[in-house]
Amino acid sequence: MTDLSYEQASVAVRDDLVAAHGRAWKRLAAPGTWLSGAERVAIMAETRNAADCGLCRRRKDALSPYTVDGAHDRLSALEDGLIEVVHRVRTDSARLKPAWFEQVTGGAVTVERYVETVGVLAQTVAIDTFARGLGLAPWPLPVAEDGAPTRRRPQGLGEGEAWVPLLAPEDATGAEADLYPAGRPAAYIRRALSLVPAELRGFFDISDTQYLPAAAIPDFATEHRAISRAQIELVAGRVSSLNGCVY
Amino acid sequence: MLLRASGRHDGADYDLAAIVGDGDGDGGVPEGRLLSRFAEAILGTDEAALATARRELNATLGPEALVDTAAVAALFNAIDRIADATGIPLEDDKMADSADFRATLGIDDFPSMAHR
Numbered sequence: 000m001t002d003l004s005y006e007q008a009s010v011a012v013r014d015d016l017v018a019a020h021g022r023a024w025k026r027l028a029a030p031g032t033w034l035s036g037a038e039r040v041a042i043m044a045e046t047r048n049a050a051d052c053g054l055c056r057r058r059k060d061a062l063s064p065y066t067v068d069g070a071h072d073r074l075s076a077l078e079d080g081l082i083e084v085v086h087r088v089r090t091d092s093a094r095l096k097p098a099w100f101e102q103v104t105g106g107a108v109t110v111e112r113y114v115e116t117v118g119v120l121a122q123t124v125a126i127d128t129f130a131r132g133l134g135l136a137p138w139p140l141p142v143a144e145d146g147a148p149t150r151r152r153p154q155g156l157g158e159g160e161a162w163v164p165l166l167a168p169e170d171a172t173g174a175e176a177d178l179y180p181a182g183r184p185a186a187y188i189r190r191a192l193s194l195v196p197a198e199l200r201g202f203f204d205i206s207d208t209q210y211l212p213a214a215a216i217p218d219f220a221t222e223h224r225a226i227s228r229a230q231i232e233l234v235a236g237r238v239s240s241l242n243g244c245v246y
Numbered sequence: 000m001l002l003r004a005s006g007r008h009d010g011a012d013y014d015l016a017a018i019v020g021d022g023d024g025d026g027g028v029p030e031g032r033l034l035s036r037f038a039e040a041i042l043g044t045d046e047a048a049l050a051t052a053r054r055e056l057n058a059t060l061g062p063e064a065l066v067d068t069a070a071v072a073a074l075f076n077a078i079d080r081i082a083d084a085t086g087i088p089l090e091d092d093k094m095a096d097s098a099d100f101r102a103t104l105g106i107d108d109f110p111s112m113a114h115r
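Protein chains in written order, with numbering that gives the first Met the number 0: chain A, 0 to 246; chain B, 0 to 115.
Be aware that a few hints might be false.
[As the list claims (entries may be wrong)] Now the stretches of chain B that chain A is said to cover, found in silico as 3 or more residues with beta-carbon under 8 Å:
1. 9-18
2. 34-46
3. 49-60
4. 68-81
5. 87-98
Everything labelled a hint here was simulated from the structure, so no lab data went into it. No residue lacks a Cβ here, since even glycine has one placed at the ideal position from N, Cα and C.
Build the full structure now, drawing on both the sequences and the hints.
Next comes the structure, spelled out in structure tokens:
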């Protein structure tokens with residue numbers, strides 16, 4: 000286990016952020032639901048490596064990324080399908096298409112492994128980008144833990160609303176009864192990783208501290224952070240616009 | 000969309016054009032241009048621009064604001080990838096509520112809009 004610390008930062012980082020990032024680093028190194036600890040840490044490494052991949056750069060510069068063939072510059076022994084998923088989602092997610100998703104999940108990469116990969120990648124991006132914002136180098140990758148994935152698929156998943164199966168709030172029962180915040184509708188972004196509940200919980204553990212806890216999102220009357228709610232949403236909107244994301 | 004909702008609460012008419020294109024202007028949000036510049040720099044590759052934006056944000060709004068701005072920008076850099084990679088739709092109410100500015104600001108032309 001690699002301890003994560005922000006003592007090198009030139010500004011004080013909130014304790015809840017330090018704690019959430021520390022929990023994430025530990026979770027990401029552990030065996031997941033469909034991926035081993037070693038695969039999860041390899042995905043973190045490829046998430047970082049994708050920025051320097053020549054094929055990803057050529058695709059990003061192309062009018063259509065689907066016209067550019069080649070091999071990714073890879074660090075790890077991850078299966079080819081997972082390398083493609085990590086590199087494309089990291090470098091050009093706005094131009095992903097349903098046909099690409101069908102292709103990558105039609106082979107060795109099951110939809111379950113795909114969703115967990117996206118979750119691991121997203122948590123890595125959230126923490127690495129934060130460190131970059133403060134002028135810090137990315138944290139050393141955690142040391143993978145041994146053990147087998149749980150291979151636990153929730154009951155009640157629905158098909159057809161998104162590319163991946165989603166668990167609707169009314170179907171989140173039993174072990175998933177706590178998956179969504181009570182008292183308000185669960186937006187699709189809350190459901191997006193629900194095929195792998197552990198990844199959903201992990202990502203929103205980070206989201207609750209980096210953005211806002213679910214209960215605070217509809218509360219425009221209270222200022223929860225050192226920047227105002229309007230300033231928060233301006234930053235969020237500007238980032239999404241630059242990423243070409245409409246959600 | 001939540002910037003518009005925030006404006007409704009504040010009684011302010013924030014200019015959503017500040018989040019698209021070149022991101023010129025502050026959108027009516029206090030220190031909006033400074034915050035946008037930091038968001039642009041954190042996603043970019045120009046280390047000097049990021050260092051400048053970080054220094055200005057720290058000097059103008061303070062270290063706690065710098066931390067919270069970096070946290071929000073970083074989180075949405077991740078959320079965007081989850082939304083795009085899972086092909087989730089935009090909720091009906093958000094689709095309806097954003098129709099006017101999506102069309103006006105060119106958001107309907109984003110490639111990821113084609114699948115929603």
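Here is how each hint holds up against the structure:
Check on the region 9-18 of chain B: 6 of its residues sit with their Cβ under 8 Å from a Cβ of chain A, so the three-residue criterion for coverage holds. Counting residues of the region 34-46 of chain B whose C-beta lies closer than 8 Å to any C-beta of chain A gives 7; at least three are required, and the coverage claim holds. Counting residues of the region 49-60 of chain B whose beta carbon lies closer than 8 Å to any beta carbon of chain A gives 5, which meets the minimum of three for the stated coverage. For the region 68-81 of chain B, the proposed coverage by chain A is satisfied: 14 residues have a C-beta within less than 8 Å of a C-beta in that chain, meeting the threshold of three.
Residues of the region 87-98 of chain B with a Cβ under 8 Å from some Cβ of chain A number 4, which satisfies the need for three, so the listed coverage holds.
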